[in-house]
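Make the full structure from the sequences, and use the hints.
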Amino acid sequence: MSITQNRSEKDREGIAEDPSLSADNKADAYLSNAYDIEVGVNAVDGDRAPDTIYDVIPEGVNPALVREERVHRGLKQRHIQMIALAGAIGTGLFLGSGKSIRRAGPVGTLIGYGIVGTLVMSVMGCLAELSALAPISGAFVRQSEFFFDPALAFAIGWCCFYGSVVSVPAEWSAVAVIMTYWTDLSPAIWIAICIFITFMTNLFLIRIYGEVELICAMLKILLILGLILFGLIYDLGGIPGTDRIGFAYWKDPGVFGEGYYYTGTAGGRFCGFWLTLINAVYAFSGVESLAIAAAETKNPRRNVPKAAKHVFIRVFVFYLVTLFIVGLIVPYNDKNLLQSTGTAASSPFVIAAQRAGVKVLPSIINAVIITSAWSSGNHGMLVGSRSLYALALDGKAPKIFTRVSRYGIPYLAVLFQGAFQLLAFMSLNNGAATVFNWMTNINSSSTLCIWIVIGFINLRVRQGMKAQGIAQTKLPWSAPLQPYISHYTIWGSFIVLITGGFYSFLPGNWDVSDFFSSYFSVIFMIVFYFGYKLVKKTKIVPLTEIPVGQFIAIADANPEEEAKPAKGPWSWFAKFWWD
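Numbering (my numbering), first residue to last: 395 to 973.
Derived from the structure by calculation, the hints contain no laboratory data. Please read all numbers here as calculations on a predicted model, not as lab measurements. There may be inaccurate statements among the hints.
As a list, the in silico DSS-like pairs of lysine-lysine whose alpha-carbon atoms are at most 30 Å apart [what the hints assert, rightly or not]:
#1 K931 - K860
#2 K860 - K703
#3 K793 - K933
#4 K868 - K692
#5 K645 - K753
#6 K933 - K868
#7 K645 - K729
#8 K931 - K793
Ranges of calculated distance between the beta carbons of each label pair, as one might list FRET restraints [stated by the list, open to error]:
#9 L579 - Q857: 52 to 58 Å
#10 F909 - K931: 31 to 37 Å
#11 D905 - E955: 52 to 58 Å
#12 V501 - N952: 45 to 51 Å
#13 L630 - Y801: 49 to 55 Å
#14 L822 - P792: 28 to 34 Å
#15 I615 - V501: 24 to 30 Å
Idealized CB from N, CA, C, for every residue including glycine.
What follows is the structure, given as structure tokens:
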């Protein structure tokens, strides 16, 4: 049963009656070049009534673009903002930043995270523009098929899935690391608890998931604000028994760290700084999850761009201010940073609390970091399961993964994705820190591949619009500084991706596992893209046949509700994320 068949006679009459559409047939004006995109699964067996996303389907629109999606649009503005925020602020900041400060120093770390932050800004702009144009399940996974090549959708979809497969166990490994601060109990206990709770939150209503992520994100925000306040008080000598620090640690031992490999030399410091870029990518990874949930978001064309802007600003500011403060109060040559044990004791935030002599603060910090790690893993489950669901919708994964529960959850995709959480138990043999490090590298490289594809697809949309004579003002939402941010996203991510494993090629530093974890995603993408292309004989969509006009026609025919300004004492708070 198709969406068009589910429309009522009233809807059909409404197309002709709407004065905004009847004049010269506004919708058909965009539909001169319809492209025959390969169609996989059109409908899913089940006992729930079809979820008709669009009320009006303009004539001539390719059915693949308005395929029936049985997930529920239960996420609101506050949910998607907090999902992205919770996914982006995790163990990369709280645990991984210690290694960056040791190698690159406080200023090198700020520069590294700042550079990657500008890259994330470009990614978010491209992502918001694509999501406003085509708010579909799988986001950039299925958009790759419509705007470039089904083979790219296949490759990036499975890359996104396996990236989540390794990122979720990495978070559980981080939880095992943090728990060593309090207890010597087997890490398997904490890993098992994380797996169980994650299954529970992902198998029920998407709105429940959204509320859980909202709470976790608020805890992270409160922790970061508390750390900033604590750091300022400590730095200014406001804690009894401590002296004013000011910028003393920037003078001795200095603003740049010990470096990497060639320690103590200019070359070594540059190597240390460049490794910070990889750590920063891992820390920021997860912001792309904002688009994955677009098909489950109310009013996505309005809410996703708004969320993208707010999320980036908050994450970027939180990261830089927090790292600036911690760089003031923890010298890069602190013995705990130098030891890099991989335990919670080497977290720069815990070290700062211990140096200040505030005994209870390290435990509070670690407790919130645990919720942060769990939240990031929980969001990884959303990304992986929805990517698998999107692949199955287009016939690029087994059809069974398109099945959804009566709550609108693709439960078989969730169960399959969740089974890979068991990889976290690998940390019991190899050491949680070691497993966390190579899973970090794998996740960083897959994230960079995703960012490259997002920038490339957005650039293709812009090129297609130019080839078809469609003005950018026709887009539901247009990102600033286009097409420059698309180019910056592509080439900036590419440079970091290709050079990210440079340390494997240093004399006497070759390690197969390091090389594999740094470049596996590149090999994966090449093999899966050309492999699918050869088997299925797919074709690249010509610029003149990219269905940008059809998506614009769908958006014009289905206007979203205007934002309702909040009133009363919550009005100021609501304008940021409660709409």
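Check: Are the Cα positions of K645 and K729 separated by 30 Å at most?
Finding: At roughly 18 Å apart (the allowed maximum being 30 Å), K729 and K645 satisfy the hint.
Check: Are the Cα positions of K931 and K793 separated by 30 Å at most?
Finding: Holds - the C-alpha atoms of K793 and K931 are around 21 Å apart, at most 30 Å.
Notebook entry, point to check: Measuring from beta carbon to beta carbon, are L822 and P792 in 28 to 34 Å?
Noted result: Given about 31 Å between the Cβ atoms, the range holds.
Checklist line | Pair hint K860 and K703, alpha-carbon separation not exceeding 30 Å | finding: 26 Å, holds
Check: When you check the alpha-carbon spacing of K793 and K933, does it fall within 30 Å?
Finding: At roughly 23 Å apart (the allowed maximum being 30 Å), K933 and K793 satisfy the hint.
Checklist line | Distance restraint between K868 and K692, which requires alpha-carbon spacing of 30 Å or less | finding: Judged against 30 Å, a Cα distance of about 21 Å means the pair holds.
Check: Is K931 within 30 Å of K860, Cα to Cα?
Finding: 27 Å, holds
Margin query: Can you tell me whether the CB distance of L579 to Q857 sits inside 52 to 58 Å?
Written below: Distance hint for L579, Q857 holds at roughly 56 Å.
Notebook entry, point to check: Range hint 24 to 30 Å: satisfied by the CB atoms of I615 and V501?
Noted result: Check passed, 26 Å falls within 24 to 30 Å.
Check: Do the beta carbons of L630 and Y801 sit within 49 to 55 Å of each other?
Finding: Taking Cβ atoms as reference, L630 and Y801 lie about 51 Å apart, which means the hint holds.
Check: So does V501 sit 45 to 51 Å from N952, Cβ to Cβ?
Finding: 50 Å, holds
Check: That 52 to 58 Å hint for D905 and E955 (C-beta), does it hold up?
Finding: For D905 and E955 the Cβ distance comes to about 55 Å; the hint holds.
The structure agrees with every numbered hint stated previously.
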